[in-house]
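Visitor: We have chain A already, so just place chain B with the ligands on it with the hints.
Each chain is listed here by its residues.
There are 2 protein chains.
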Amino acid sequence: MTKREFKEYLEKNILILDGATGTELQKRGMPRGVCPEKWVIDNKEVIIDIQRGYKESGSKAVYACTFGCNSIKLAEFGLEDQLVEMNKELVRISREAVGDDVWVIGDLSPTGAQIYPLSNYHFEDIVNAYKPQVKALVEAGVDLFVIETMMNINEARAALIAVKETCDLPVMVSMTYEKSGYTLNGTDPVTALITLQNLGADAVGCNCSTGPNDMIDIVKAMKPYAKVPLIVKPNAGLPKYENGETVFDMDEDEFSHYGTLLAEAGANIIGGCCGTTKTFISKLKDKVKDIDIRMWTDRQGSILTSERKSVTIGGNNPTIIVGERINPTGKKKLQEHLRNKNMDYVVSLAHEQIEKGARVLDVNVGMNGIDEVDIMKQAIEQLSTFVKVPLCIDSSNIDAIEAGLRIYPGRALVNSISLEQHKIDKLLPIAKKYGAMFILLPLSDKGLPKSIDEKHEIINTVYSHARELGYQKEDIIVDGLVTTIASNSKAAALTLETIEWCSREFGTGTIVGLSNISFGLPERKLINTAFLAMGIGKGLTMAIANPSDELLMNIMRASDVLAMRDKDSLTYIESFSKQEKKTKSKEIAGVDTNEEIDIKQAI
Amino acid sequence: MTKREFKEYLEKNILILDGATGTELQKRGMPRGVCPEKWVIDNKEVIIDIQRGYKESGSKAVYACTFGCNSIKLAEFGLEDQLVEMNKELVRISREAVGDDVWVIGDLSPTGAQIYPLSNYHFEDIVNAYKPQVKALVEAGVDLFVIETMMNINEARAALIAVKETCDLPVMVSMTYEKSGYTLNGTDPVTALITLQNLGADAVGCNCSTGPNDMIDIVKAMKPYAKVPLIVKPNAGLPKYENGETVFDMDEDEFSHYGTLLAEAGANIIGGCCGTTKTFISKLKDKVKDIDIRMWTDRQGSILTSERKSVTIGGNNPTIIVGERINPTGKKKLQEHLRNKNMDYVVSLAHEQIEKGARVLDVNVGMNGIDEVDIMKQAIEQLSTFVKVPLCIDSSNIDAIEAGLRIYPGRALVNSISLEQHKIDKLLPIAKKYGAMFILLPLSDKGLPKSIDEKHEIINTVYSHARELGYQKEDIIVDGLVTTIASNSKAAALTLETIEWCSREFGTGTIVGLSNISFGLPERKLINTAFLAMGIGKGLTMAIANPSDELLMNIMRASDVLAMRDKDSLTYIESFSKQEKKTKSKEIAGVDTNEEIDIKQAI
Ligand SMILES: [Zn+2]
Ligand SMILES: [Zn+2]
Ligand SMILES: [Zn+2]
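Which chain is which? The protein sequence lines are A and B, in order. With this note's numbering applied, the first sequence covers 52 to 654. With this note's numbering applied, the second sequence covers 52 to 654.
With the rest of the complex left out, here is chain A (with noise of 0.2 Å):
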């Protein structure tokens, strides 16, 4: 199936997924401990059984039993010699259950590993897991994948990586949300949304963990942001252990009574996992077949994720600064902790920008005597990790650039894409394949723009460079370039004319290397804060700045109020209490907007 066939049948219908695999597998007598797609294939009736009762019950699609088939967690039982061989004979399985009319789907879950620095499976390792699974699931013809059960949202990104770069089959991933609506490892559903659907997920969701009333405030939150079909495969309420088994507390009517409620709130996609038979895939059927289906959006906004967080450019939003200090340039220490490959240091410097209200990082790591590359890794899986805002990858080195974007579990902004050749040819297809915005530099092969309107030419250049390979305005944030006034009278008005245009005609965000303003002049912080308050009255979002400078970023917050990016004024006020900054309602969306996208909220 292409990408396209995907889209056109869920554009007209709601996918009906099948139920249950493992708790069907057990009732039927799969004993604990033994490697499951092991077991399936040496009982393979069992499962043609499972899966004919699902397509009876009006299942569109089956899940194919290549759940663990993936090398890391095949070894676990010493099969990982067996892995193609497994992959394509339950592939075979499922397909002799199902026929040709109704899809069959590999299936890719957690390989059980943590990835670098918190184990020794880097990133590469975790993509070269699922790769020969992929490639073994393709060649037996499935139609199309799911990467499901998902804690890790890097993990996923892995797998997801691994099918990309295998085949152009469409790709559904599913997260797995605990009750306070964070997987196991932090990640809330809107920044996993903006996360996969950027990297090139066909549609997105959550599966497993909760019953299907805990799932529809996880697709509310996701929906105002979902530019792809949203799928849900919650399990038949929650578990109890009840005379020595384990049961699940909800029945078919009520399960098929949330799953409206599922598609009201806007799931494309839905089946259910642990639990549920095909009796409630057929009522759940039943009771979705008269839902309009709600579409995706075309708009996801300007967004940058991390692990665990999502940072909202724009509009009403408070003004960013993007914390500057990662960046060897002329300091001394940080250069020779770099050469040292000390990412301690590394991380304390992005912990205390935090502090004083970075809300992205930029990582720059470019000095001579050192492989970028190389560092550029390290301090991409150090900071992701131990870190929660997003960052901004910053480099000259494109290679640099590509190997952190590659590992950065989040969507991360490139720093900078230029209309010079190399950063159109090269970097710009490698921001958009690993799903980043990017900051669009507005100077050419020729330099800097001599006039406004080759300034504006620039950009509608690179724009529509962009535009071809899949990219919207709402991912470009237009660097005003910003020169020295003590060498150029005109150097403010010049960029400030930029965030204007942008932020009235155009229609992207802005960023300013803010100190670059005022080189060569006294008192440069009274300048930079200056500009910064000028910046914000004519639509600035973002600006490169040390945002240890206290005043900067007193006059950033009250510029804000008087912006109408801090609604009731509550985080200037709140800068000057000890009040916790944060009210934890507003945390579970993950999502640093002042527009309510907490799923607690979206009720």
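Keep in mind that the hints were calculated from the coordinates and are not lab data. Among these hints, one or two may not hold up.
No distinction is drawn between identical chains; accordingly, a pair holds when it is met within one copy or between any pair of copies.
Keeping only pairs whose Cα atoms sit at most 30 Å apart, straight-line, the calculated DSSO-like set for lysine-lysine is [unchecked claim]:
(1) 501 - 618
(2) 541 - 618
(3) 576 - 541
(4) 63 - 215
(5) 477 - 497
(6) 524 - 477
(7) 407 - 576
(8) 524 - 541
(9) 576 - 618
(10) 89 - 78
(11) 484 - 497
(12) 139 - 54
Guide: Below, chain B with the ligands without anything else, positioned relative to chain A:
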């Protein structure tokens, strides 16, 4: 002659005046120490001979010999009871000398008195010293007036008011400048021009004290701002004491050579003062007859004046902080001093604010239990004498504003005129009569505007009323109508919209009462400061604020650098050094502006 006829003549001709009277009378035997006017009446053949000579040399107008015929001056000779008689006789003699083809000009000159608080003569006493003279001259049939050889701008204003309140004849005002470029009282030519042409002078210029060469710079300095014809009447160079008598060092040829340079620089009315004779006039007339007339301008710019300083608003000029501290609202100490009529405290508040960077001072003395009209008059008397910067006269009491405007020796700013009936009907004509600029407050009898369009409509309506009286947009400063952001999150946006609209579309300067924005929020100075920077980014030209707020002033100066309002960042940089803030050469023109309208540089 009507003002219109006067203007029409000058659109087609350079008006040639007469030469010296005083030095000619002395040559013909007038002794020292006598009352010259009395001696002339007693020896009328002498003046008839002199003035016939000028007529024959080509003078189109002669000054009646009424120079010292005001009541104060005549009282020095015990002749004040002959004032009417003498003025009428002197006009009659001049008419006998020159006939009807040559204009006889009623000549008003200094009373010799200083004005309160530098003497016991109050401003109104000076007006009353001139009024009987003006009345007698009008009755005697003068064609127009000249107020000449003035060293005190407020005495010139008193004479001008006396003429304007008595008749509609054209009136020229001619100040006397030292070599330094200032009058003895410290007024510069541009400041005098702005003050006098707005108060209703039909021509402005200079006479006596220096030769024509020294007047070229003065004419060049005034010309770009002159909405009226310029008059010059230089001495025959500089006086020398030779063989027991005073002689002048320039001959007819040199004098007439400079005469052509004066005409080329923009003089429209030329004659001679001390030391010149009828041959000077005939050579002058011959030399200037082929010179193209240099017309006056339609636009003087937005300029306020004090006795000794002009402040230009808008363009690339620095943002102007209007010091807000002379306002008793909520200030117990100031209330007590005002109640005790202790103006020293008011003056000290003024000096403090100027030292901190205020470039205009708001003066509001409105409080319970005082005679506001009287206290306003006292405050303006003291402040305008002892303080260098222009004043903004601020009251809800129209009589208090009028009392202040009448005695204020410059061009004040009126705070404020709204679309309320009594403001339009009563206050607007008063402001116009005294040549003041005014703050247009966009509210009406119906209260605050309900929408942006209504706000724009109110502004347009007030402007149309003002235009009927002869006001132009450059004479108006629109108030951004700041409300508190604590009760309306759009408060800043609404004000910034008005600032931008006035700056880009409507074409006036703008002012805000800065601190209103932050009422009810903590750390108000941060909000005020951010708002000022944003406002400057949108084109804000003035803010009423407390200049003791160092952060505010620092960010304002930084914003001025960014907004191209501080050439080469000089003011900014100097604010951090101990250097003198102004260079000597910049001081000469008195106009506080980045454009170099310095009379030395205008050469
Ligand atoms: Zn499950
Ligand atoms: Zn003279
Ligand atoms: Zn409008």
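Visitor: Now look at each hint and say whether the structure bears it out.
Guide: Verification of the hints:
1. 501 - 618: For residue 501 and residue 618, only the inter-copy Cα distance (22 Å) is at most 30 Å; the intra-copy one is 40 Å.
2. 541 - 618: between (34 Å within a copy, 11 Å between copies)
3. 576 - 541: both (19 Å within a copy, 28 Å between copies)
4. 63 - 215: Result: close within a single copy only, 25 Å intra versus 86 Å inter.
5. 477 - 497: Cα proximity of residue 477 and residue 497: one copy only (18 Å, versus 63 Å across).
6. 524 - 477: Within one copy only: 20 Å inside a chain, 55 Å across chains, cut-off 30 Å.
7. 407 - 576: both (16 Å within a copy, 20 Å between copies)
8. 524 - 541: both (27 Å within a copy, 27 Å between copies)
9. 576 - 618: Answer is both: 27 Å inside a copy and 19 Å across each meet the 30 Å cutoff.
10. 89 - 78: within (17 Å within a copy, 134 Å between copies)
11. 484 - 497: within (27 Å within a copy, 60 Å between copies)
12. 139 - 54: The answer is within: 22 Å in one copy meets 30 Å, while 106 Å across copies does not.
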